[in-house]
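Engineer: Sequence:
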Amino acid sequence: MLRGADPATVRRAVERADPLPGTHGFAGALDGRLVRDVLGRQPLFGTPENWGFSPDDAAGATPVPAGHVRERRNGETVDRRVWSLPDPAVSTDDAAALAAVERAVRESVTAVDGAADLAVAFSGGVDSALVAAGVPDAPCYVAGFPDAHDVAAARDAAAAMDRDLRVVELDHDALERAVPEVVAATGRTDAMTVGIALPLYLVAERVAADGFDRLALGQGADELFGGYAKVVDPADDDRVDATTVRGATREVIRSLPGQLERDTLVLRAAGVTPVTPLLSDRVVGAALPLPGHLLATPDERKVALRRAAAGWLPGPVVGADKKAVQYGSLVSRELDRLARQAGFKRRMDRHVDRYVESLVDGT
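Residue numbering for the sequence shown follows the working numbering, beginning at 1 and increasing consecutively.
A portion of the hints provided could be inaccurate.
Computed beta-carbon distance windows for the label pairs [to be verified]:
1. Pro136 <-> Ser255: 25 to 33 Å
2. Asp213 <-> Thr110: 40 to 48 Å
3. Asp213 <-> Pro316: 27 to 35 Å
4. Asp56 <-> Asp31: 41 to 49 Å
These aren't lab readings, by the way, just hints derived from the structure by calculation.
The model shown is predicted, which means the values in this text are computed figures rather than measured ones.
The C-beta atom is built at its ideal place from N, Cα and C for all residues, glycine as well.
Work the whole structure out from these sequences, hints included.
Structural biologist: Take a look at the structure:
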(Lines of atoms letter the chains of each structure in order from A; the text may use other names.)
(Lines give C-alpha, C1' and ligand atoms only; values in the text may rest on other atoms or scores of the structure.)
Protein backbone atom coordinates (compact mmCIF):
# COMPACT_ATOMS: atom_id res chain seq x y z
CA MET A 1 0.00 0.00 0.00
CA LEU A 2 3.01 2.31 0.52
CA ARG A 3 6.26 2.66 -1.39
CA GLY A 4 9.41 4.07 0.16
CA ALA A 5 8.55 3.93 3.86
CA ASP A 6 6.63 1.93 6.43
CA PRO A 7 3.17 3.03 7.58
CA ALA A 8 4.31 3.98 11.10
CA THR A 9 6.95 6.38 9.76
CA VAL A 10 4.54 8.05 7.35
CA ARG A 11 1.81 8.25 9.97
CA ARG A 12 4.18 10.07 12.34
CA ALA A 13 5.27 12.37 9.50
CA VAL A 14 1.61 13.28 8.88
CA GLU A 15 0.87 13.84 12.55
CA ARG A 16 3.96 16.02 13.05
CA ALA A 17 3.91 17.67 9.60
CA ASP A 18 7.53 16.50 9.31
CA PRO A 19 8.64 16.91 5.68
CA LEU A 20 11.92 15.01 6.08
CA PRO A 21 11.24 12.02 8.35
CA GLY A 22 14.35 10.08 7.31
CA THR A 23 13.13 8.35 4.15
CA HIS A 24 13.99 8.38 0.45
CA GLY A 25 10.49 9.58 -0.39
CA PHE A 26 7.18 7.77 -0.16
CA ALA A 27 3.73 7.52 -1.67
CA GLY A 28 0.67 5.33 -1.41
CA ALA A 29 -2.45 4.68 0.65
CA LEU A 30 -2.51 5.24 4.40
CA ASP A 31 -5.57 5.12 6.65
CA GLY A 32 -8.00 5.58 3.77
CA ARG A 33 -6.17 8.49 2.14
CA LEU A 34 -3.36 8.98 -0.34
CA VAL A 35 -0.02 10.52 0.68
CA ARG A 36 2.94 11.76 -1.37
CA ASP A 37 6.17 13.10 0.11
CA VAL A 38 7.31 16.72 -0.05
CA LEU A 39 9.55 16.26 -3.13
CA GLY A 40 7.31 13.83 -4.97
CA ARG A 41 10.00 11.18 -5.12
CA GLN A 42 7.36 8.50 -5.69
CA PRO A 43 4.63 9.21 -8.29
CA LEU A 44 1.03 8.65 -7.21
CA PHE A 45 -2.26 8.96 -9.09
CA GLY A 46 -5.98 8.60 -8.50
CA THR A 47 -8.42 8.80 -5.63
CA PRO A 48 -8.49 7.00 -2.27
CA GLU A 49 -10.87 4.47 -3.87
CA ASN A 50 -9.09 4.06 -7.21
CA TRP A 51 -5.38 4.78 -7.24
CA GLY A 52 -2.00 3.54 -8.42
CA PHE A 53 1.66 4.38 -8.90
CA SER A 54 1.21 5.14 -12.61
CA PRO A 55 -1.62 6.77 -14.61
CA ASP A 56 -2.49 3.40 -16.14
CA ASP A 57 -3.23 1.95 -12.70
CA ALA A 58 -6.31 4.18 -12.39
CA ALA A 59 -7.97 5.29 -15.62
CA GLY A 60 -8.13 9.05 -15.99
CA ALA A 61 -6.22 9.53 -12.75
CA THR A 62 -4.59 12.83 -11.86
CA PRO A 63 -1.33 12.99 -9.88
CA VAL A 64 -1.40 13.64 -6.17
CA PRO A 65 0.60 16.86 -5.63
CA ALA A 66 3.88 16.49 -3.76
CA GLY A 67 3.56 17.20 -0.05
CA HIS A 68 -0.18 16.53 -0.01
CA VAL A 69 -2.74 14.15 1.37
CA ARG A 70 -5.63 13.33 -0.95
CA GLU A 71 -8.73 12.35 1.01
CA ARG A 72 -12.52 12.28 0.96
CA ARG A 73 -14.30 15.09 2.78
CA ASN A 74 -18.04 15.56 2.73
CA GLY A 75 -18.30 13.25 -0.24
CA GLU A 76 -15.66 15.11 -2.30
CA THR A 77 -12.02 14.31 -3.07
CA VAL A 78 -9.76 17.08 -1.80
CA ASP A 79 -6.02 17.69 -1.66
CA ARG A 80 -4.60 18.99 1.61
CA ARG A 81 -1.02 20.18 1.93
CA VAL A 82 0.73 18.55 4.87
CA TRP A 83 4.40 19.11 4.09
CA SER A 84 6.30 22.08 2.68
CA LEU A 85 9.96 22.32 1.76
CA PRO A 86 11.84 23.36 4.92
CA ASP A 87 13.43 26.81 4.92
CA PRO A 88 16.23 26.57 7.49
CA ALA A 89 18.45 29.48 8.44
CA VAL A 90 21.47 29.91 6.19
CA SER A 91 24.52 28.24 7.67
CA THR A 92 27.20 30.70 8.79
CA ASP A 93 29.79 28.00 9.49
CA ASP A 94 31.20 26.81 6.17
CA ALA A 95 33.24 24.00 7.71
CA ALA A 96 30.24 22.59 9.57
CA ALA A 97 28.00 22.90 6.51
CA LEU A 98 30.50 21.11 4.29
CA ALA A 99 31.01 18.39 6.90
CA ALA A 100 27.24 17.85 7.09
CA VAL A 101 27.01 17.48 3.31
CA GLU A 102 29.92 15.06 3.16
CA ARG A 103 28.50 12.96 5.99
CA ALA A 104 25.01 12.87 4.49
CA VAL A 105 26.23 12.00 0.99
CA ARG A 106 28.56 9.24 2.16
CA GLU A 107 25.96 7.73 4.46
CA SER A 108 23.32 7.77 1.75
CA VAL A 109 25.34 6.33 -1.12
CA THR A 110 27.01 3.64 0.99
CA ALA A 111 23.64 2.61 2.43
CA VAL A 112 22.45 1.48 -1.01
CA ASP A 113 22.08 -2.26 -1.16
CA GLY A 114 24.70 -3.24 -3.73
CA ALA A 115 23.25 -6.68 -4.37
CA ALA A 116 23.68 -8.40 -7.72
CA ASP A 117 20.47 -6.89 -9.12
CA LEU A 118 21.82 -3.30 -9.08
CA ALA A 119 23.44 -1.27 -11.87
CA VAL A 120 24.47 2.41 -12.02
CA ALA A 121 23.56 5.05 -14.61
CA PHE A 122 26.92 6.72 -15.15
CA SER A 123 27.59 9.91 -17.11
CA GLY A 124 31.09 10.56 -15.79
CA GLY A 125 29.99 13.57 -13.73
CA VAL A 126 30.44 13.95 -9.99
CA ASP A 127 26.78 13.02 -9.22
CA SER A 128 26.78 9.58 -10.80
CA ALA A 129 30.39 8.97 -9.74
CA LEU A 130 29.44 9.49 -6.09
CA VAL A 131 26.58 7.01 -6.47
CA ALA A 132 28.91 4.52 -8.16
CA ALA A 133 31.49 4.92 -5.38
CA GLY A 134 28.88 3.75 -2.89
CA VAL A 135 28.33 0.47 -4.76
CA PRO A 136 31.82 -0.49 -5.96
CA ASP A 137 30.80 -3.84 -7.44
CA ALA A 138 27.88 -2.60 -9.56
CA PRO A 139 28.40 -2.23 -13.33
CA CYS A 140 28.05 1.26 -14.79
CA TYR A 141 26.04 2.11 -17.90
CA VAL A 142 26.02 5.14 -20.18
CA ALA A 143 23.85 5.80 -23.23
CA GLY A 144 24.71 8.07 -26.11
CA PHE A 145 25.59 8.41 -29.75
CA PRO A 146 29.19 7.40 -30.57
CA ASP A 147 30.54 10.98 -30.49
CA ALA A 148 28.53 12.01 -27.41
CA HIS A 149 30.10 13.97 -24.56
CA ASP A 150 28.60 11.61 -21.97
CA VAL A 151 30.13 8.53 -23.57
CA ALA A 152 33.62 10.06 -23.62
CA ALA A 153 33.26 11.46 -20.09
CA ALA A 154 31.97 8.15 -18.74
CA ARG A 155 34.85 6.25 -20.30
CA ASP A 156 37.39 8.63 -18.75
CA ALA A 157 35.74 8.53 -15.33
CA ALA A 158 35.30 4.75 -15.36
CA ALA A 159 38.98 4.32 -16.22
CA ALA A 160 40.01 6.69 -13.43
CA MET A 161 37.79 4.81 -10.96
CA ASP A 162 38.68 1.35 -12.33
CA ARG A 163 35.03 0.54 -12.99
CA ASP A 164 33.24 -1.74 -15.44
CA LEU A 165 31.51 0.49 -18.01
CA ARG A 166 28.94 -0.71 -20.51
CA VAL A 167 28.11 1.68 -23.34
CA VAL A 168 24.63 1.68 -24.86
CA GLU A 169 25.37 3.09 -28.32
CA LEU A 170 22.34 4.87 -29.69
CA ASP A 171 21.23 5.25 -33.29
CA HIS A 172 18.24 6.66 -35.13
CA ASP A 173 16.41 3.33 -35.20
CA ALA A 174 16.62 3.11 -31.41
CA LEU A 175 15.17 6.60 -30.98
CA GLU A 176 12.30 6.03 -33.38
CA ARG A 177 11.43 2.72 -31.75
CA ALA A 178 11.54 4.11 -28.22
CA VAL A 179 9.69 7.40 -28.74
CA PRO A 180 6.17 5.86 -28.63
CA GLU A 181 7.13 3.87 -25.53
CA VAL A 182 8.41 6.98 -23.76
CA VAL A 183 5.28 8.92 -24.70
CA ALA A 184 3.09 6.07 -23.45
CA ALA A 185 4.93 6.11 -20.11
CA THR A 186 4.92 9.88 -19.59
CA GLY A 187 1.78 10.94 -21.44
CA ARG A 188 3.77 13.82 -22.97
CA THR A 189 5.06 14.56 -26.47
CA ASP A 190 7.02 17.78 -26.00
CA ALA A 191 10.62 17.72 -27.20
CA MET A 192 12.13 18.51 -23.80
CA THR A 193 10.38 15.67 -21.98
CA VAL A 194 11.07 13.16 -24.74
CA GLY A 195 14.69 14.26 -25.16
CA ILE A 196 15.40 13.77 -21.45
CA ALA A 197 13.44 10.54 -21.13
CA LEU A 198 14.82 8.72 -24.18
CA PRO A 199 18.40 8.14 -22.93
CA LEU A 200 17.06 7.14 -19.52
CA TYR A 201 14.64 4.68 -21.09
CA LEU A 202 17.21 3.17 -23.44
CA VAL A 203 19.89 2.71 -20.80
CA ALA A 204 17.32 1.23 -18.40
CA GLU A 205 16.05 -1.09 -21.11
CA ARG A 206 19.58 -2.42 -21.62
CA VAL A 207 20.11 -2.73 -17.86
CA ALA A 208 16.92 -4.78 -17.56
CA ALA A 209 17.92 -6.96 -20.52
CA ASP A 210 21.22 -7.66 -18.77
CA GLY A 211 19.31 -9.01 -15.78
CA PHE A 212 19.35 -6.06 -13.35
CA ASP A 213 16.18 -5.01 -11.53
CA ARG A 214 17.38 -1.73 -10.00
CA LEU A 215 19.19 1.27 -11.45
CA ALA A 216 21.00 3.73 -9.18
CA LEU A 217 21.11 7.32 -10.45
CA GLY A 218 22.45 10.70 -9.36
CA GLN A 219 19.10 12.45 -9.71
CA GLY A 220 18.51 15.51 -7.54
CA ALA A 221 22.10 16.65 -7.14
CA ASP A 222 21.87 19.44 -9.72
CA GLU A 223 18.70 20.81 -8.12
CA LEU A 224 19.82 20.54 -4.48
CA PHE A 225 23.40 21.74 -4.87
CA GLY A 226 23.29 24.51 -7.48
CA GLY A 227 24.15 22.61 -10.64
CA TYR A 228 22.25 24.77 -13.13
CA ALA A 229 23.74 27.72 -14.97
CA LYS A 230 20.62 29.76 -14.29
CA VAL A 231 21.30 29.87 -10.53
CA VAL A 232 24.80 31.38 -10.89
CA ASP A 233 23.68 34.96 -11.58
CA PRO A 234 19.91 34.81 -11.13
CA ALA A 235 19.37 38.57 -10.97
CA ASP A 236 20.37 38.76 -14.64
CA ASP A 237 18.79 35.47 -15.75
CA ASP A 238 15.16 35.55 -16.85
CA ARG A 239 14.83 31.78 -16.49
CA VAL A 240 14.31 32.19 -12.73
CA ASP A 241 12.32 34.67 -10.65
CA ALA A 242 14.69 34.72 -7.66
CA THR A 243 17.52 37.23 -7.42
CA THR A 244 19.90 35.27 -5.17
CA VAL A 245 21.76 32.00 -5.72
CA ARG A 246 20.05 30.39 -2.75
CA GLY A 247 16.63 31.63 -3.80
CA ALA A 248 17.12 30.40 -7.35
CA THR A 249 18.29 27.04 -6.06
CA ARG A 250 15.12 26.66 -3.97
CA GLU A 251 13.11 27.61 -7.03
CA VAL A 252 14.80 24.82 -8.99
CA ILE A 253 14.27 22.34 -6.15
CA ARG A 254 10.54 22.98 -6.37
CA SER A 255 10.63 21.67 -9.95
CA LEU A 256 11.71 18.22 -8.75
CA PRO A 257 8.26 16.60 -8.37
CA GLY A 258 7.47 16.92 -12.08
CA GLN A 259 10.94 15.82 -13.14
CA LEU A 260 10.98 12.82 -10.83
CA GLU A 261 7.52 11.75 -11.96
CA ARG A 262 8.74 11.72 -15.58
CA ASP A 263 11.95 9.86 -14.80
CA THR A 264 10.40 7.28 -12.50
CA LEU A 265 7.58 6.44 -14.91
CA VAL A 266 10.04 6.01 -17.79
CA LEU A 267 12.46 3.86 -15.82
CA ARG A 268 9.71 1.61 -14.52
CA ALA A 269 8.31 1.27 -18.05
CA ALA A 270 11.75 0.05 -19.15
CA GLY A 271 11.72 -2.61 -16.44
CA VAL A 272 13.85 -1.22 -13.59
CA THR A 273 13.25 0.37 -10.22
CA PRO A 274 15.13 3.67 -9.74
CA VAL A 275 17.38 4.12 -6.69
CA THR A 276 18.27 7.76 -5.92
CA PRO A 277 20.50 8.08 -2.84
CA LEU A 278 21.29 11.76 -3.44
CA LEU A 279 17.59 12.48 -2.86
CA SER A 280 17.47 10.97 0.61
CA ASP A 281 16.02 13.12 3.38
CA ARG A 282 19.44 13.33 5.02
CA VAL A 283 21.02 14.75 1.86
CA VAL A 284 18.13 17.17 1.32
CA GLY A 285 18.43 18.29 4.93
CA ALA A 286 22.14 18.96 4.53
CA ALA A 287 21.73 20.85 1.26
CA LEU A 288 18.96 23.28 2.27
CA PRO A 289 20.98 25.43 4.74
CA LEU A 290 23.90 25.96 2.34
CA PRO A 291 24.80 29.60 1.62
CA GLY A 292 24.96 30.73 -1.97
CA HIS A 293 28.75 30.60 -2.23
CA LEU A 294 28.71 26.89 -1.36
CA LEU A 295 26.15 26.25 -4.09
CA ALA A 296 27.31 28.07 -7.20
CA THR A 297 29.79 30.78 -8.14
CA PRO A 298 30.84 32.15 -11.52
CA ASP A 299 33.77 29.73 -11.42
CA GLU A 300 32.17 26.58 -10.02
CA ARG A 301 28.80 24.93 -9.58
CA LYS A 302 27.81 22.35 -6.96
CA VAL A 303 30.59 23.67 -4.74
CA ALA A 304 29.65 21.79 -1.56
CA LEU A 305 29.00 18.53 -3.39
CA ARG A 306 32.40 18.66 -5.07
CA ARG A 307 34.02 19.33 -1.71
CA ALA A 308 32.23 16.27 -0.35
CA ALA A 309 33.58 14.20 -3.25
CA ALA A 310 37.19 15.38 -2.87
CA GLY A 311 39.39 12.72 -1.32
CA TRP A 312 36.96 9.99 -2.33
CA LEU A 313 36.83 10.37 -6.11
CA PRO A 314 39.73 11.03 -8.50
CA GLY A 315 40.40 14.74 -8.97
CA PRO A 316 39.42 14.87 -12.67
CA VAL A 317 36.06 13.26 -11.85
CA VAL A 318 35.38 15.70 -9.00
CA GLY A 319 35.87 18.64 -11.36
CA ALA A 320 34.29 17.13 -14.48
CA ASP A 321 31.82 19.25 -16.42
CA LYS A 322 28.37 17.79 -16.94
CA LYS A 323 25.85 18.38 -19.69
CA ALA A 324 22.12 17.82 -19.38
CA VAL A 325 21.38 14.25 -20.43
CA GLN A 326 19.50 15.21 -23.60
CA TYR A 327 22.55 17.17 -24.77
CA GLY A 328 25.33 15.04 -23.31
CA SER A 329 23.90 11.95 -25.03
CA LEU A 330 23.24 13.92 -28.28
CA VAL A 331 19.65 12.70 -28.24
CA SER A 332 18.31 16.24 -28.57
CA ARG A 333 20.53 16.92 -31.58
CA GLU A 334 19.54 13.70 -33.31
CA LEU A 335 15.83 14.13 -32.63
CA ASP A 336 16.09 17.49 -34.34
CA ARG A 337 17.93 15.88 -37.26
CA LEU A 338 15.29 13.15 -37.59
CA ALA A 339 12.48 15.70 -37.46
CA ARG A 340 14.01 17.71 -40.30
CA GLN A 341 14.63 14.59 -42.35
CA ALA A 342 10.95 13.72 -41.92
CA GLY A 343 9.93 17.12 -43.28
CA PHE A 344 9.41 18.98 -40.00
CA LYS A 345 11.63 21.99 -40.64
CA ARG A 346 12.90 24.33 -37.96
CA ARG A 347 10.83 27.20 -39.34
CA MET A 348 7.74 25.26 -38.26
CA ASP A 349 6.34 25.86 -34.79
CA ARG A 350 7.20 22.97 -32.41
CA HIS A 351 8.85 21.03 -35.24
CA VAL A 352 10.34 18.30 -32.99
CA ASP A 353 7.10 17.99 -31.00
CA ARG A 354 5.21 17.47 -34.23
CA TYR A 355 7.69 14.85 -35.35
CA VAL A 356 7.27 13.00 -32.03
CA GLU A 357 3.50 13.14 -32.44
CA SER A 358 3.82 11.66 -35.94
CA LEU A 359 5.78 8.69 -34.56
CA VAL A 360 3.13 8.08 -31.93
CA ASP A 361 0.32 8.36 -34.47
CA GLY A 362 2.15 6.23 -37.03
CA THR A 363 1.81 8.92 -39.69
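Engineer: Can you let me know if the beta-carbon spacing of Asp56 and Asp31 is within 41 to 49 Å?
Structural biologist: violated (25 Å)
Engineer: Given a hint of 40 to 48 Å, does the C-beta separation of Asp213 and Thr110 actually sit inside it?
Structural biologist: Since Asp213 and Thr110 have Cβ atoms about 20 Å apart, the given range 40 to 48 Å is violated.
Engineer: Would you say the C-beta atoms of Pro136 and Ser255 sit inside 25 to 33 Å of each other?
Structural biologist: Given range 25 to 33 Å: holds, Cβ gap about 32 Å.
Engineer: Is the distance from the Cβ of Asp213 to the Cβ of Pro316 consistent with 27 to 35 Å?
Structural biologist: Holds, at about 32 Å.
Hint check: violations occur at hints 2 and 4; the rest are consistent with the structure.
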